[in-house]
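Protein chains in written order, with numbering that gives the first Met the number 0: chain Z, 0 to 275; chain F, 0 to 207.
The set of hints was computed from the structure by calculation and includes no laboratory data. Here a beta-carbon is modelled for each residue, glycine too, at the ideal position from N, C-alpha and C. Wrong hints could be hidden among the right ones.
Unchecked claim - Between beta-carbon pairs, the in silico distance windows are:
{"no.": "1", "chain 1": "Z", "residue 1": "Pro62", "chain 2": "F", "residue 2": "Lys108", "range": "22 to 30 Å"}
{"no.": "2", "chain 1": "Z", "residue 1": "Val238", "chain 2": "F", "residue 2": "Lys146", "range": "16 to 24 Å"}
{"no.": "3", "chain 1": "Z", "residue 1": "Arg249", "chain 2": "F", "residue 2": "Glu193", "range": "37 to 45 Å"}
{"no.": "4", "chain 1": "Z", "residue 1": "Ala206", "chain 2": "F", "residue 2": "Gly35", "range": "38 to 46 Å"}
{"no.": "5", "chain 1": "F", "residue 1": "Asp143", "chain 2": "Z", "residue 2": "Ala206", "range": "18 to 26 Å"}
{"no.": "6", "chain 1": "Z", "residue 1": "Ala206", "chain 2": "F", "residue 2": "Thr173", "range": "16 to 24 Å"}
{"no.": "7", "chain 1": "F", "residue 1": "Thr147", "chain 2": "Z", "residue 2": "Gln147", "range": "47 to 55 Å"}
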Amino acid sequence: MNEKRAELDELLAGKATGELDLDEQARLDQMGAELPAFAVEEFDLLVGEVTAALVQSEAEPMPRALQDRIIRIAKQGSTARPSTQGSEARDASRPASPTQSSRSGGGWVAWSGWAVAAAVTALWLGGVGQPEPPGEPTLSAQRAQLIQAGADAVEVEWSATEDPAAAGASGDVVWSNQTQSGIMRFVGLQANDPTQLRYQLWIFDAARDERYPIDGGLFDVQEGATEVLVPIDARLRVVEPTLFAVTVERSDGVVVSDRVRIVVVAPITSPTQTGQ
Amino acid sequence: MNTAQLLEWKTPTRERFGGFVVDRKPDSPLLAVARGEPGGVEACLDEYGSLVWSLSRRWLRQEADIEDAVQEIFVDLWKSASRFDPSRASGHGFVAMVARRRLIDRRRKMERRPKLMELPDGVEMSTDEHVTTQTRIANQHVLDAVKTLRTEHRQFVELSFLAGLSHTEIADQTGTPLGTVKSAIRRSLLQLRETLTAQGEGSLEGVR
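Whenever a hint applies, use it, and build me the whole structure from the sequences.
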């Protein structure tokens, strides 16, 4: 392959990954001016093929409601913006006092082999819990159903860390591998200002690298809340959960936590808890 | 090789084009959409919905943003379905390309940069019941090609393609010099093209 073709290939590969500096873009504009569109697109398609293969190895089905909405829009020939009503329940965001805090006492905490035996103190406060979508079983009812489902359900109590947000916090997490669903229950977890910081759940899975736990979703605690129930929204399929952990993150969440503020953890230490 | 794969090889659905080889369904729903056939949109959603949904969930955080993005991507697909050329790419590859472009645009507008993304460990069969054997075979060839990359380069590719991290973010997260990341990803793409092309040449032997 001649040098010019090699250089062009490298530029096209760079373009396909969205990373060309100004000089490279100028060079590509010059060299690629006479290329047919399909040649320019070759690497874009290759990136697409690789992406598709990687994603499909762990794909999740699209929610039926979203699918139906897209079909309706297609038939209407409209590109109207979708309603965000469906997402409100999870992202209840009533402003509360900021909860900026220093690092958790003790700084970094090791994840693996964690067997926290924290003393749990229940502290009940007055107020309203997590808003629930109308027309569906309440979160309390869903939680009860999961527990009553039997052997599959895991119910593990939270252990609070030294993070200030966890002072006096308690509760538990219920998870069903069969239904890939769960409910977290918190009592005494400090209210957060969602415009600044939010809580994020992480699910550690024995089938995955522990450096990259599964994102279980963002949630908030409103000022004055008592018992807060939060549905778990696992981004990936959970195979063998070993530990649930909640961290404090920036308002739009993160893909991987820096683990600076670990608030509560719920390790699955007993085989009987898993029901697997 | 199982029966399904044996039948696949007897039917020459593989063609060589543009330097690399991809299996493709001769009846992609994108073609139905391009032709304005009834049921094309639904078939498109059934076939590619999980791909677009899963990719969007990896790139974006808020549920509303994810749903918006998925809708926008499918609108883009319907507008560009007539450009889909099954001799150049698989339906899934074309869809992923369109999806990435839309997600890149969206991400730039939102000016949000997530940190590292979970890396898929090993290869698992898709949970999507609509993924056909042909698609699984195609996916497996691509995944096999990805596995030939050096571990570190494979990680860079996954962080870039799956999570859409910029090279700078990948460099920061992995502690690798930016120039190294940039070069590694480009070289990996070139290597993948060579590997898939070589796979295709081997697979054509004795088929026709």
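Exercise. Has the hinted range 37 to 45 Å been met by the Cβ atoms of Arg249/Z and Glu193/F?
Worked result: holds, 41 Å
Problem set entry | Lys108/F and Pro62/Z - C-beta distance against the hinted 22 to 30 Å | Holds - the Cβ-Cβ distance for Pro62/Z and Lys108/F, about 24 Å, lies within 22 to 30 Å.
Problem set entry | Whether the CB-CB distance between Val238/Z and Lys146/F falls inside 16 to 24 Å | Given about 21 Å between the Cβ atoms, the range holds.
For this session: For Thr147/F and Gln147/Z, compare the CB-CB distance with the range 47 to 55 Å and indicate the outcome.
Result: 49 Å Cβ-Cβ, so the 47 to 55 Å window holds.
For this session: State, for the Cβ atoms of Ala206/Z and Thr173/F, whether the hinted interval 16 to 24 Å holds or is violated.
Result: holds, 23 Å
Exercise. Using the C-beta atoms of Ala206/Z and Gly35/F, is the stated range 38 to 46 Å upheld?
Worked result: holds, 44 Å
For this session: Could you check the hint for me, namely that Asp143/F and Ala206/Z are 18 to 26 Å apart, CB to CB?
Result: holds, 21 Å
When the structure is compared with the earlier hints, no violation turns up for any of them.
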